[in-house]
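**Student:** Each chain, written out:
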Amino acid sequence: MIEVQHLRKSYGELVAVDDASFHAEPGAIFGLLGPNGAGKSTTIGCLSGLLKPSSGSVRVLGHDVVRNGVAARRALGIVPQELALYDDLSALENLRFWGAAYGLGGADLKRRAAEVLELVGLADRAREPVKRYSGGMRRRLNFACGVMHRPRVLLLDEPTVGVDPQSRVRLLELVREQAAAGACVLYTTHYMEEAQDLCDRLAIIDHGKVIALGTLQELRDMMGARDLLRLSGTFDPPAAAAALEGVDRVEIVTAEPSLLIVAVEGASRKLPAIFAALAATGAEVRETTLSQPSLESLFIKLTGRELRE
Amino acid sequence: MSFLFQCAMKDLRRRLADPVSLVLWLGIPLLIGGLMSVFTSGDGPVPKAHVLLVDEDQSLLSGLLANAGGEGRADFLDIERVATEAEGRARMDAGDASAMLVVPKGFGAAFIDGTPTTLRLVKNPSERILPNIVQTAVEMLVEVAFYAQRLLGEPLRQLRGQTADDRPGYPDSAVAAVATSINQRMRQLSRWLNPPAIALQTVNAAPAAPAQTSSFALLFLPGMVFMAVLFISQGMADDVWDEKAQGTLGRAVSLPHDLTLFLGGKLVATSVVMAAVALVAVAVAALVFAVPIGRTPIAFAWCVFTGTAIYCFFQLLQFAGTTRTGANMVSTMVVFPAMMLGGSFFPFEVMPRWMAGAGRWLPNGQAVARLKDLLAGTADPHALAIAALAIAVPAAIAFLLSARLLGGRFAGEA
Ligand SMILES: Nc1ncnc2c1ncn2[C@@H]1O[C@H](COP(=O)(O)OP(=O)(O)OP(=O)(O)O)[C@@H](O)[C@H]1O
Ligand SMILES: [Mg+2]
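Protein chains in written order, with our numbering: chain A, 1 to 309; chain B, 1001 to 1414.
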């Protein structure tokens, strides 16, 4: 459905996307996870025809985006990161215009506009000009414009940024519905949890390069099935570190006076041993969190950096 | 086709959401047509208004202003200088004048600097019609002065920049040179205020011996119409920057349509706005200036056609700058000379011959010249067809080129 092969996009010296390859299937949500400036929007731009790839190929539904653009874009829906709305027009007028642009018409256009407005919770403000909307309302309408025509391929560029938690849940629900209805969804985000909750497969991208690619389980396996244990309290870092060396298969990730992070296999079974070792150094543990291998930990492992939110 | 229509409707809706600029665009020919009708309606002798002028500024400019309508130049104005406002008021109270115009101190300098300044017109409350005529005349003069300021202000300011920083004033030689050119310009402008005279003398009247008012319409109206056309073209062409800023251009690029249709929507929307202007123009021509109704349909069509074509040129100009400000500067640098040369400020008939010759080669100049023929009933079908082709072909190229540029770096990276 979406095939990206050796995609490269440079702006002069700067290489925004560097030899990226991935493919996304219908009926599933493919995530593109990466920090600011990773090249997510640039990738989406190359898919939507807004940007011309420097090299490599991008195909949507089997059509090359550069050579056969109109055909490739026929089934495309896009929710750009930057708003793309007519401020002077109402929500309804915006939806009808974009819907009609994709070939909806007549009663279907009207029905779908009303339905989508209901879904994003803007039905009661539908006839107001967009310039009177709040930021979050605009975001929701921006989303609505992208799904108006029930696209078979949906590109979503951080659609939930700036949206309140309730609306966010609703938007994510909508994304799942699109995929369930058979759409191929490409979802970019820098929110780890969102990617974890939503995506069937994903690519982690950093500095324009795909550094990890696979299903959530496959990516977790790359972590070597180790859990992450966070302990907060008061520690003597060198002493605590030395004490934990003695516990089987524990790796220190962070050791600070108030925070200790360790990667450990089968953490729940080893907790008593860990607490005992720490107590012997006079450490005081106030809070403990145990998390399964996560994308966060994978990102840290792959790049040595945290993927900040 | 349906997408083209959707785009056009969308752009028209957006225009209607901003009625102020729409009214302004339509209002330009209406306002000026209305002003002209004030001067030309009625067959009897024009009543003369006695106006007192208090010149507190005593500058070159205020002197010119006083001259513009004074000393027997205008048939309906009779200007007399008085020393002080108090003296003027006393004279008005005595029923000696219809109105008094006060040119405040610093008027000339403010005019050159383009800072706001006020001319004060005191109307005699005991008279009803004449003071209003005076008011209309002054309003028109201010209108003209506004454009003159646009045209002349910059060189004048530069001139000032050459003089010592803290010494207000200009070197004598420079003042003399500028004064001569302003004098000429003002003499031309003053003819606006004295329309019956030039209207009679300079127009080659149509063979059907139309009324004086009709020849007056022929002299000025076409230029006014295309002044509006140029403003509208500039405004509609600028819209691509709005589309870019709002992100809607980016979304439009991702549609399964050629962007030519998207831009075509703007072309159609523009032609609708042009049609509204053309309708106003031919209505004024027919109702106010007694142009035979039979001539109006083709004059209307001509205005819409050439107006839309002129928009295409301005559309292409938008891509001459890499930023909105840059592009607007380029198009403003084009629009004012185009108006000036194309017969929108002064009719070709009063321009120096070389200037009129050059102006007629501009698309808008050509459009103005042929519209005059159409309104006068002297249009030669052959010349009209050639003019139409000469405008349409480059306009079509400009449009297609614009559509190409729109989808390229303009939408994506720039
Ligand atoms: N028009 C442009 N000209 C030059 N460089 C650009 C341009 N657009 C993007 N870039 C650069 O390309 C890189 C990737 O940007 P991109 O917008 O794709 O990142 P992103 O992953 O979407 O980030 P974010 O999470 O902040 O949206 C960045 O370094 C950015 O500065
Ligand atoms: Mg982005």
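Just so you know, these hints were derived from the structure itself, not from any lab.
It is possible that some hints are incorrect.
[Said to hold, decoys possible] Simulated DEER-style distance windows between Cβ atoms:
| no. | chain 1 | residue 1 | chain 2 | residue 2 | range |
| --- | --- | --- | --- | --- | --- |
| 1 | A | Glu115 | B | Ala1383 | 39 to 49 Å |
| 2 | A | Gln166 | B | Val1268 | 41 to 51 Å |
| 3 | B | Pro1116 | A | Asp124 | 21 to 31 Å |
| 4 | B | Arg1409 | A | Thr234 | 49 to 59 Å |
| 5 | A | Ala107 | B | Leu1279 | 31 to 41 Å |
| 6 | A | His207 | B | Arg1409 | 19 to 29 Å |
| 7 | B | Pro1394 | A | Glu128 | 35 to 45 Å |
Beta carbons are placed, not taken as given, at the ideal position from N, Cα and C, and that holds for glycine.
**Student:** Evaluate each hint against the coordinates.
**Tutor:** Now for the hints, and whether the structure bears them out:
no., hint, in the structure
1, A:Glu115 / B:Ala1383: 39 to 49 Å, "58 Å, violated"
2, A:Gln166 / B:Val1268: 41 to 51 Å, "42 Å, holds"
3, B:Pro1116 / A:Asp124: 21 to 31 Å, "45 Å, violated"
4, B:Arg1409 / A:Thr234: 49 to 59 Å, "58 Å, holds"
5, A:Ala107 / B:Leu1279: 31 to 41 Å, "35 Å, holds"
6, A:His207 / B:Arg1409: 19 to 29 Å, "24 Å, holds"
7, B:Pro1394 / A:Glu128: 35 to 45 Å, "43 Å, holds"
Checked against the numbered hints given earlier, the structure breaks hints 1 and 3 and satisfies all the rest.
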